[in-house]
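What follows is each chain in one-letter form.
There are 2 protein chains.
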Amino acid sequence: MEHKVTFLPDNISVTVAPGENLLAAAALAGIYIQASCGGDGVCRKCKVDLVEGKIRSSNSDSLTSREIEEGVRLACVSTIIEDVTVQIPDVVQADGKSLKSKPKTTRTISTESLESLVGTWKVQPPVRKLFLSLPKPALDDNIPDMQRLIRGISQTVPGTLEPDYDHPELVRELSPILREGDWEVTVILLQGKQENEPERIIAVEPGDTTDNLYGLAIDLGTTTFGGVLIDLNNGKIIAETSVYNSQIGYGEDVISRIIYSQRTGGLKALQEKAVYSINSIIEKVCREVVISPSDISYIMGAGNTIMAHLLLGIDPKYIREAPYVPSVSQFPLTKAAALGIMAHPSVRLFLYPCISSYVGGDIVAGVHACQMHESEEISLFIDIGTNGEIVVGNREWMVTAACSAGPAFEGGGIKYGMRASSGAIENFHIHKKTLDPMIVTVGNTNPRGICGSGLIAIVPELVEAGVIDQRGKFTQNTKHPRIRTGSDGWEYVIAWSHDTLIGEDIVITEIDLDNLIRAKGALFAGYQTLLDSVGIGFDGLDRVILAGNFGSHIDLERAISIGLLPDMDRERFFYLGNGSMLGCRISLTDHRRFRQRVEVRQLMTNLELSDNVNFMNYYMAALFLPHTDMSLFPSVSSDCCETKFNRRL
Amino acid sequence: MEHKVTFLPDNISVTVAPGENLLAAAALAGIYIQASCGGDGVCRKCKVDLVEGKIRSSNSDSLTSREIEEGVRLACVSTIIEDVTVQIPDVVQADGKSLKSKPKTTRTISTESLESLVGTWKVQPPVRKLFLSLPKPALDDNIPDMQRLIRGISQTVPGTLEPDYDHPELVRELSPILREGDWEVTVILLQGKQENEPERIIAVEPGDTTDNLYGLAIDLGTTTFGGVLIDLNNGKIIAETSVYNSQIGYGEDVISRIIYSQRTGGLKALQEKAVYSINSIIEKVCREVVISPSDISYIMGAGNTIMAHLLLGIDPKYIREAPYVPSVSQFPLTKAAALGIMAHPSVRLFLYPCISSYVGGDIVAGVHACQMHESEEISLFIDIGTNGEIVVGNREWMVTAACSAGPAFEGGGIKYGMRASSGAIENFHIHKKTLDPMIVTVGNTNPRGICGSGLIAIVPELVEAGVIDQRGKFTQNTKHPRIRTGSDGWEYVIAWSHDTLIGEDIVITEIDLDNLIRAKGALFAGYQTLLDSVGIGFDGLDRVILAGNFGSHIDLERAISIGLLPDMDRERFFYLGNGSMLGCRISLTDHRRFRQRVEVRQLMTNLELSDNVNFMNYYMAALFLPHTDMSLFPSVSSDCCETKFNRRL
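Chains as they are written, first to last, in this note's numbering: chain Z, 1 to 649; chain C, 1001 to 1649.
Please note that a few of the clues may not be correct.
Simulated pairs of lysine-lysine, DSS-like, Cα-Cα distance not exceeding 25 angstroms [said to hold, decoys possible]:
# : chain 1 : residue 1 : chain 2 : residue 2
1 : C       : K1335     : Z       : K317
2 : C       : K1335     : Z       : K335
3 : C       : K1045     : C       : K1335
Here are the computed distance ranges between Cβ atoms for each label pair [as the list claims (entries may be wrong)]:
# : chain 1 : residue 1 : chain 2 : residue 2 : range
4 : Z       : Q147      : C       : V1534     : 50 to 58 angstroms
5 : Z       : G159      : C       : P1198     : 19 to 27 angstroms
6 : C       : N1614     : Z       : T210      : 38 to 46 angstroms
Negatives, chain Z to chain C, calculated, CB over 12 angstroms [as the list claims (entries may be wrong)]:
#  : residue
7  : E67
8  : E70
9  : L132
10 : E184
11 : E252
12 : G265
13 : H309
14 : G466
15 : R518
No wet-lab data here; the hints were simulated from the structure.
None of these values were measured; they are calculated from a predicted model.
From the three backbone atoms N, C-alpha and C, an ideal C-beta is built for every residue, glycine too.
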């Protein structure tokens, strides 16, 4: 159920989820409301008038009781609980012009479109349990215990079968377990990697334990590990958690981890930290639903190439040195317990294969999840993080590349950059006359810094307001207290220190802008180089799929307006979310789809951009907002920015 | 090359290998020579006259120089080095009658007949090495190291391929090894268990090591472990050794080992001892041919069910308790190093599958070696040890059983019983008038005791001489210093104490005879029960295959005359030798034949004799020499024994 929020006087409406903050809803609608404290109701600038419907407000002591009676509300502390209409006061809606334009934001995350991407999947996991009541041995039927077990299974289910010969404990434990269970036992069967391979008996438990069959999907991020526990009897998620990747103490990014791994004991320490983090996930989800870690029968994970190498204890040394070669792309199906993971010795840890040093299993999992390998449509798959990984293709071919975009979108290289956690400025408007900001923060608290989506909002707004030009340089033709020179040169003050949680002015500097432009330039040059390599242009693309945490929160219009995303029909953009985790979840639940991962990997060809002349040329041309070749951005140049942009070119 | 030895005056010839002892040759020919000291030339009773040819004699100071000049020789210290003719002196050949009968021994071990059994095999081992010179990685060719390796192999040899995912060290070591070898490496490939399975890369070594590819075949006996090192590049045996099974300190036989395994730490201790014995073999063969244990790329072994369980650390507890169930029949293809075996971590230890608790992998290996599963002919396969294991069948069906024959043929339960080592009486004749013995010992030394083949010689000789009857009881109707009562009742003195190495009279007692009759009775009842179960009689058998150390040295005529073997055309008997080792050797060398082991195992059905009423009846009827039903032994009853046997019935 969603609620409609209508803003008067211009009668602009947006639909939001229940509980959405009114200030965030206004920002989403492209409505400017003066709001510089981020949202604890103290600056009292974001007053609106409630015309129809109810709003839940906290911190109402910032208003007089008369104001409240008259319907005045502070947008930043107001929560949408039903359809409402609010009037933006004159003082706030000064810049009438922008209100009349269409909303500058486009975020059409619809469940339907996700379903059209990822399709459906069945509950037929790679492991299954079977309860057996075996006849007891007798002198005229004294076949070996294992043979009795296999005979019992074969009488119940068809298909070929063999014991898990790689798990010696199975045969050592079998006889006592059969007798402990008085010949009533539950077997766990593991499907073959390929269709013609026999199923394998990986474990035997006394009694009937068929109700307890769980799988764990893990997203092995450089910063955080996400975990999802799935009941493999019905495919439902029953617990979900995330923990910090404990490796973080040895370096923020993958490169510093590779460097650390070269120290004595470094690789081992990094591996142990990864295992520790996985064990933390297992402990948390198991405690939540009160099961034993030994009830987890399969673990499926995906991570970038370096994370996978480190977890498996494979030296990542050569990944960092030209020509950037990983040791292995298809990772061994490992016994989780052999790595130190808190799991039954029979449990397998599957890691999605990587493609190259910088296109990892997380990307393969994402592509696998959204079924590019099944579709005739040609898709551009984009995952923006420290690196931007790009895939172009369809069911017949795929090319992939990683561009060193830099960590700007994760807050790296940005003076007040931060991740999208509490206090991060995630949305921003600027009053085109007063040049005062409207900021929306994660958690609606006072601001702490700027996250990726905040940056993508700030940059085009500053361009539109004429504060910076298309090269990302301050125009220096406006006198305003918020525009000044600081220790890093020219900057714009987004929040004054008294409105922040950090006690300093939060600013965006010309260096920040430069880093952002380089990052988006690398990505755009990546799209172009990949498309070139297969002989098509942007018009040859049927779909653009945005994956990853950042991609899932990206504002299309703004991202296009700065040249981070190609200027295509907005209907062709799809948000996949955490494709890495989604791929693991699907694979864990549906073995038929799991098997298709092989096709995905085989389709993908890596293109190395680091010495690609084409890429370098495209990159230089893309160091502009949105681009030096404006013909690539028809909707941007025809929009409101046109005159300003053109004027200054 | 063999030599012909002719004995005068009766002109009886035998063919023997160069170096054979003259006394042993005479015994083989059925010639009686008085010889009671076993062979150090001191009793000087075994004098013969050299008529033609030369003989090498040691200890000739026992003879006068005149005797030597006249051609007198002591048979016990004479070695055959060319064709010779010798005259047996009158005093020696007193019992002319026996000389005129056909030799009572039949031992037709011909290499030809062995070849007709086991066929030929090719050199296409389950592991192979391949030298690769790989292109170095470059920016335009920076596929992962493992992919580069696989690509290199695929360009050299056809077929599907995958890395050994169960050996995590492979991927961890790959990158450094590739660089250490400057991209020139040797890979070791392991064939799939079945034809459609991909080959697996199990190890990578820097440089070209293709010349070093070895396999080890091990026969895991209860008493000794035999080892054969094979150069897998040409299939040749390059070293051979045997060691005591170190488990022997925990019990002589498998039952006492099972009992020991139930103590705290017992199973572990027994496993470690088995591993220690294997490591001793590896050390010995590797030192002999100066290779490193890590050059051994495959280990293939066979042993009885208990030995296999103990080696793999699987509790054998239930094997001993009715209904006699082993934990597993097909043993996991184990990493040898994981058990503690001195081998490269990639090396697999294959153990032949067992059929039941008392029909083990040694039997399956033997049946596999002699290709019963490929032949239309119906064979009776017999391996006589502590247990007698029997298999009947052909390429369409096989039944198998183990009979608790008892250890008589290994010297167990016999007062002066011993294994066939130095000093063991292995052949025996008795002078029908003087009742004095002719003994031949292993190593031609003074006697220490009696081994299995000695027993099989002694019993029919005593029957023929009328010393004992067909129930194995002393007839007590002859007065002779060698026939007397001792602490165990009636006994016959085979060697007086002054002629032995143990300083005691060596005797055979009525209790010994009883144990022997029980042992042979159990075996014969086993043959009958198995044949009954498939609805054929002895006349339905095309071949009898004798396996095992004892079977390979058995004297057919005598074994038949006491009812240990069925009375069939002697031409239908074949000696296989150590079938367990032979099976391992063939499998190690020829992977195509190795794969057929699956058929062998699937054909074999176990019959449990312990509660079989049929078996018990047959057993009772077989407690007689040769049998209560003389129609089963036509050639025995029509022979020299007829009158004597019938007289006493």
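- Query: Would the least Cβ to Cβ distance between E70/Z and chain C come out above 12 angstroms?
  - Reply: The claim holds: E70/Z sits with its nearest Cβ about 68 angstroms from chain C, beyond 12 angstroms.
- Message: So E252/Z supposedly isn't at the interface. Is its beta-carbon more than 12 angstroms from every beta-carbon in chain C?
- Response: Answer for E252/Z: holds, closest chain C Cβ roughly 25 angstroms.
- Take the C-beta atom of N1614/C and the C-beta atom of T210/Z, compute their distance, and say whether it sits inside 38 to 46 angstroms. About 44 angstroms separates the Cβ atoms of N1614/C and T210/Z, which means 38 to 46 angstroms holds.
- Query: So does G159/Z sit 19 to 27 angstroms from P1198/C, Cβ to Cβ?
  - Reply: Cβ of G159/Z to Cβ of P1198/C: about 20 angstroms, so the range 19 to 27 angstroms holds.
- Verify that the Cβ of G466/Z lies farther than 12 angstroms from every Cβ atom of chain C, and report whether the claim holds or is violated. holds, 43 angstroms
- Item | Interface-negative label, E67/Z against chain C, beta-carbon threshold 12 angstroms | holds, 66 angstroms
- Given hint K1335/C paired with K1045/C - CA-CA distance at most 25 angstroms: Given that 25 angstroms is the threshold and the Cα spacing comes to 59 angstroms, the pair is violated.
- Item | Pair hint outcome, K1335/C versus K317/Z [Cα-Cα no greater than 25 angstroms] | violated, 29 angstroms
- Test the statement that R518/Z is away from the interface with chain C: the closest C-beta pair must be farther apart than 12 angstroms. Fine: 22 angstroms to the nearest Cβ keeps R518/Z off the interface.
- Against chain C, does L132/Z keep a CB gap of more than 12 angstroms to every residue? holds, 17 angstroms
- So is E184/Z really clear of chain C, every C-beta pair being over 12 angstroms apart? It holds; E184/Z is separated from chain C by about 17 angstroms at its closest Cβ, greater than 12 angstroms.
- 50 to 58 angstroms as the expected CB spacing between V1534/C and Q147/Z, which holds or is violated: For V1534/C against Q147/Z, whose Cβ atoms are near 21 angstroms apart, the range 50 to 58 angstroms is violated.
Checked against the numbered hints given earlier, the structure breaks hints 1, 3, 4 and 13 and satisfies all the rest.
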